[in-house]
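Starting from the known structure of chain A, arrange chains B, C and D on it as the hints suggest.
For the record, the sequence lines run as chains A, B, C and D. Under this note's numbering, the first sequence is numbered contiguously, ending at residue 612. Under this note's numbering, the second sequence is numbered contiguously, ending at residue 513. Under this note's numbering, the third sequence is numbered contiguously, ending at residue 725. Under this note's numbering, the fourth sequence is numbered contiguously, ending at residue 214.
Worth flagging that the hints you see were computed from the coordinates, not collected in a lab. Be careful, since some hints might not be right.
Said to hold, decoys possible - To list a few chain A residues with every Cβ distance to chain B over 12 Å, as calculated: (1) 419; (2) 481; (3) 553; (4) 556; (5) 581; (6) 595.
To be verified - In silico lysine-lysine, DSSO-like type, Cα no more than 27 Å apart, as pairs: (7) C/644 / B/41; (8) B/371 / D/214; (9) D/115 / B/218; (10) C/451 / D/115; (11) D/116 / B/167; (12) B/313 / D/143; (13) D/116 / C/451.
Unchecked claim - A short, non-exhaustive set of chain C residues, derived as facing chain D with CB atoms under 7 Å: (14) 483; (15) 515; (16) 526; (17) 686; (18) 715.
Virtual Cβ for every residue (Gly too), placed ideally from N, Cα, C.
Letter by letter, the chains look like this.
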Amino acid sequence: MEIITSIKPFLAVLVSSLAVLGIIACKRPNIRETWTLGAAVLKLLIVASMLPAVLRGAEIEYTLMQVLPGVAIRFRVDAFGMLFALVASSLWIITSIYSIGYMRSLKEHSQTRYFCFFALSLSATIGVAFSANLLTLYLFYEMLSLATYPLVTHHQDAQARSSGRKYLLYIVGSSIGLVLPAMVITYHLTGTLSFAGGGIMAQAASPTLLTILFFLFLFGFAKAAVMPMHSWLPAAMVAPTPVSALLHAVAVVKVGVFCVVRVITKVFGSDCFGGLHLSPVVCFVASVTIIAASFIALSQDGLKRRLAFSTIGQLSYIILGVALLSPLGMTGGMLHIAMHAFGKITLFFCAGAIFVATGRKNISEMAGIGKRMPITMAAFFIGAMSVIGLPPCGGFISKWYLVLGALEADQIPMLIVLLTSSLLNAAYFLPIVYKAFFCSPEKSLFENKVEEAPLWCLVPLCFTAIASFALFFFPQPFLTLAKIAVKSITGGP
Amino acid sequence: MSQQFPALIIIVPLLAAFFIFTVSWINRKLCFPIAVLSLAISLVSAMGLLGMVLSNGPVEYRMGGWPPPWGIPYYVDYLNALVLVVVYAVALINLLACRQSVRREFPDKIGSFFTLYVLFVTGLGGMVVTGDAFNLYVLLEIASLTGYALIGMGKGDAALSSLNYIFMGTIGASFYLLGIGYLYLVTGSLNIADIASILPGVYDSKVVLVAFIFCITGLFLKMAFFPLHGWLPNAYTNAPSAAISLIAPLTTKVMIYVMIRIVLYLFTPSFSFGALHVGSVLVWLSAGAIVMGSLLALGQKSLKRMLAYIIVAEVGYMTGGLWLGNTEGITGAILHLVNDAAMTLCVFLAAGTLMFKIKPSVAGELQLDDLAGSFTKMPYTMAAFVMGALSIIGVPPFCGFFSKWYLLSGAVTAGHYEFLAALLFSSLVNVVLFFRIIEIGYYGKPGHRAESGHSIAHMDEAPLDMLIPLLLVAAGLLAMGFYTDDIVTHVIRFAIPAGIV
Amino acid sequence: MKIIGFIIVLLCGGLLAYATSDFPYWGDPASPASMHVSAYYIENAVADTSVPNIVTAVLADYRGYDTMFETAVIFSAAIACFFLLRIFTPESSQSKLYRHIPTGITLRIAPGGKLPEKSDTFERIDSSWVPHDLIIKTACRLFIPFIQIFGLYVIAHGHHSPGGGFQGGVILGASIILFAVSNDLRSTISRMGEKITAFLCSAGVFIYAGTGALCILLGANFLDYGALASLMGVDPVSARSHGILIVEIGVGITVMAVMVSLYYILSSGGQLDEGL
Amino acid sequence: MHDLILAIMSKYNYWIYIVLLMIGLYAMMVKKNLVKKIIGMNILQTAIILFYISVSAKKDGTLPIIIHGPHAGHHPVRAADYINPLPHVLMLTAIVVAVATLGVALALAIKVYQQYGTLDEDEIHTRIRK
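Okay, chain A solo, but in the shape it has when bound (with noise of 0.2 Å):
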């Protein structure tokens, strides 16, 4: 496997960063606004022009500066690295559209600070993606952390306040007093902290103490909304929908789990993890979040938060799918974090697109809404399926690998755990777009006339609605990407 050293992924981080200083430079909004899409474009094309090096199993390598004995700031772009920043970056460029459409219609106030801290927020997840080593990976982790605190308290108003007093209490609370300490014994136990294909903590300590250190791990990372850390993310649906679209269903909560999959494949290692018998506690874990966050999801009557809780269960899918240690059950769990990102999008875009369009939040309002946002709710439904897992759409293929992978691993009930989750996810979808489409609002408020969201808002909402279509085709970019670094985690053919 060979390693080419060069500035790409630094640069690749870089560019929204200094996109920050072009936003705050310009005073005028157009031009403000392109810089954000110019600053998305450009890291797009990074990201991509990497592509073909990591599809051929090569992986690049650049070093930052050397901070610690033994350990640096230093960028390695992997397989798995590279297929979570191809989504981010792809999907950003999307809700730039998106959030320039939904910031304009409600006229927002200081848009300016807005956007600077989403293009920071950005730059923080790839930098999560390329990180070579645990201390980068913090770096960024707790730099995405602060940067996307002035977002979620973005209306400034009192109930901003108390969400975003819980966000920074769950996210960086855990991240300091868990993440720190584990990472200070990992250093001690091994010397070092960078990601070795096998994992680095082969014959380091005393089994007890490696299972303390992996729950640290687990726990200390809040943003992968394990059960008992998950109640920060319904609290922060209170940000304008783009951040919830593009942060709390595809960066934020990703990098928690991208997190998380990096401490079990390459700090602990497919075989010390699985010699510690952790990997039935973690599927055990995995299994709860996912139907207790459906059954909550059931419950839940606006449209946001039903969506949040239906994140934090498709998230502990990825870990369930990880923690099997099965290739298959990997390559699905991998998987699912694009396609659970293009599903997701789409959902928070149309919750997004309803909003501007109508003013409504709640499900129980939304009755007959099909009749008069007919593309939105149709957007809504594919959006649906392919977050259930239904065939026509992405989300079938990694259930699918995740189900062979259960099967492979021979795990019966995290099987069962699979089927009835989806069966629960299509239990709290349908109906809205059932009563959407087929329910007759019983009060006359809607003059029967088509509105639909601007076109800013909806161009945005049909691309991804379409993509996360098109992925159950050529779901080729990431099944590959996920091959690639399944193969580099088990050492398999």
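Chains B, C and D alone, transformed into the frame defined by chain A:
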């Protein structure tokens, strides 16, 4: 010329101080430029000295030409060359930033303020560089005396708190003097290196033990180590903002440097860590200091009083790091000493700038709620404050994280998990403290305040000559974060004597 | 609070007593304190600096750097008091007392009013009224010159007899304070103004540090008076003794000026108007 | 028993200095009046000066001034004849430091008195709280 650097560091500011006082009677405008010039020269020579030490090892400069045990030598090795540069850099940056606030607070005593300022820095610089124990006491007295005066001129009950500071400070200095006297009684010499060579013969005598106890207690008093920190909060809250952003970052740090110098170079590690078993007790004490300092900071309403209690907690970091007794712990302590000076300077400069622009509701003390809406009105000052806050919390790219990292790994290797727990607890409390302020600054509307009602609508961005040094320090925090490894491998690694495991 | 204080004090006392058991016997010449460094001083002081009084030799030459910072401490004390207490805006809140010289009647002028300073029929007296006592004034006027001469003697003969800069300076300062106590503060300030004292304060220390810096310019280390030999045209050893003398003069000036300025500020509470 | 008394009697100087130091420390910590605290501080510093001076004493040693001039014999100078000069030098410095600290403390006491009208610490605290 370069061979005279050690003397230049002290002589130039000393002569400048006397010159400023005489000139202040003739033409008050000249005082500030002379002060800046003198500190700039000494900063340059301090950097030159650091360069000399890095290239060809420790430098010894004999005062009056007499060989060490008889005359007073300067012994500049890796440890104090680094601290010296920090002391002068902090002093110079603060001097550049405090011109307007000095002109506003003491319009007719500018000359004497700058004289005291330069004498304070000379005292600290001399203390860092000297190789003679008694000379260290004399320089300690100059620094404390000028410190008492600078603090005494504040608003509110500054005089009373400065008087309390005098009593506690004099007890501390007298204990240190007593310790040196006992050492002299047993070894017959006052030179640090000389005592260290004679001491092994008399390690078992009770006099050396008592000398150790009194020296360390005296220094604990002077550095406001937790149980003996009573004087610090009042003194640091009521002091004038120009003076406190000089005193806060430097006094406690140089006192900790003196403790490191004495524990590692005078009593040599074989005695401090080997013969005495006081190390683990002191680590427990510093863990307590960290926890109590952070808790007390939580309960404060005024911004400066909160920062003062954070300093008390930071002192716990460094003492704990030193007394862990292993290489990471001591590297962490020395690195934290350097980082913390910069962080405290950044935060106190920002507080001073805020104090300069916002009229506080309670006389003299800027309450936290006065910061309402400061993000919109004073974005750059608050940006610098946030960077300082993140560094104190320990967020990676900033330097605070890396020194905390060394302290944590030192605690893990030494098996002191209570120190590790205390460090993490204090970081979490810092998160709450600083985000409480950011929240107030972010959410509040400028110009409206429920209870006092008078609007501060005129609050606008600080003048440029206060802002540039502040942003310079904030950027410095980032730079020090990135260059941590160079500082550690090229300088701090050599500063630790052989006896450490 | 009393009990805690008492316990702490007992603890310290106990610790110190515990250490005294290991002390060498009082006054025994072989105790380590007087063997190592001080033996060298006693044997070589005259050879090195041709100054018979070893204390002055050690004070101003071997450990001259210490003493320079000693003068800096005294200087910073004066600046500190000036900085803390000095008030420039005349606080006319108290009433002023005047005495009509021919008749000896005292007048009280309400705040704000002011009589001409230099009139010969009225003289201003301090509010804490002091008896007009001729004996004290004339006696002091006689003593003061002799005290000052003795002060100068103590400074100059620091080499051969106990004395030196500090002691001489204090005596000179005391003579001026005696004048201020016997007469009133204002007449003393008219004779030795605040500006002069401030200038003398820094001049003395300037002399001390200046000679040190001069040694650097002449190529030796700081405060190495041997280098002054080329300037003074004498051999290095006596150059050291002259160097010590210059330095002692500098110290004497500073200490005198500091004592006087401290008295001015502390006695009048910063207004330099009505002293003790 | 005999050697105990001898031990105590032979170091009576040090016992006195310890007692003085304890008095000074106690006064500084417990006394409420500020000027009494300042006096306590002074006692503390004087106690330490007494300790240093008693260290420098030598049995039948004369003043550390070398007798010179024409009639003095030229026998070599023996260290045992003269008392130890170094503590005296150090104590010159310590006395000056004590005076300087005393000056600044008194200046601050005056400033406190001008501000609060009293020198009693409890009284001042009640005035601050009002």
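Hints and how they fare:
no. : hint          : result
1   : 419           : 28 Å, holds
2   : 481           : 27 Å, holds
3   : 553           : 42 Å, holds
4   : 556           : 42 Å, holds
5   : 581           : 36 Å, holds
6   : 595           : 36 Å, holds
7   : C/644 / B/41  : 17 Å, holds
8   : B/371 / D/214 : 22 Å, holds
9   : D/115 / B/218 : 32 Å, violated
10  : C/451 / D/115 : 9 Å, holds
11  : D/116 / B/167 : 23 Å, holds
12  : B/313 / D/143 : 62 Å, violated
13  : D/116 / C/451 : 10 Å, holds
14  : 483           : 4 Å, holds
15  : 515           : 6 Å, holds
16  : 526           : 4 Å, holds
17  : 686           : 14 Å, violated
18  : 715           : 6 Å, holds
Violation of the numbered hints given earlier is confined to hints 9, 12 and 17; the remaining hints are satisfied by the structure.
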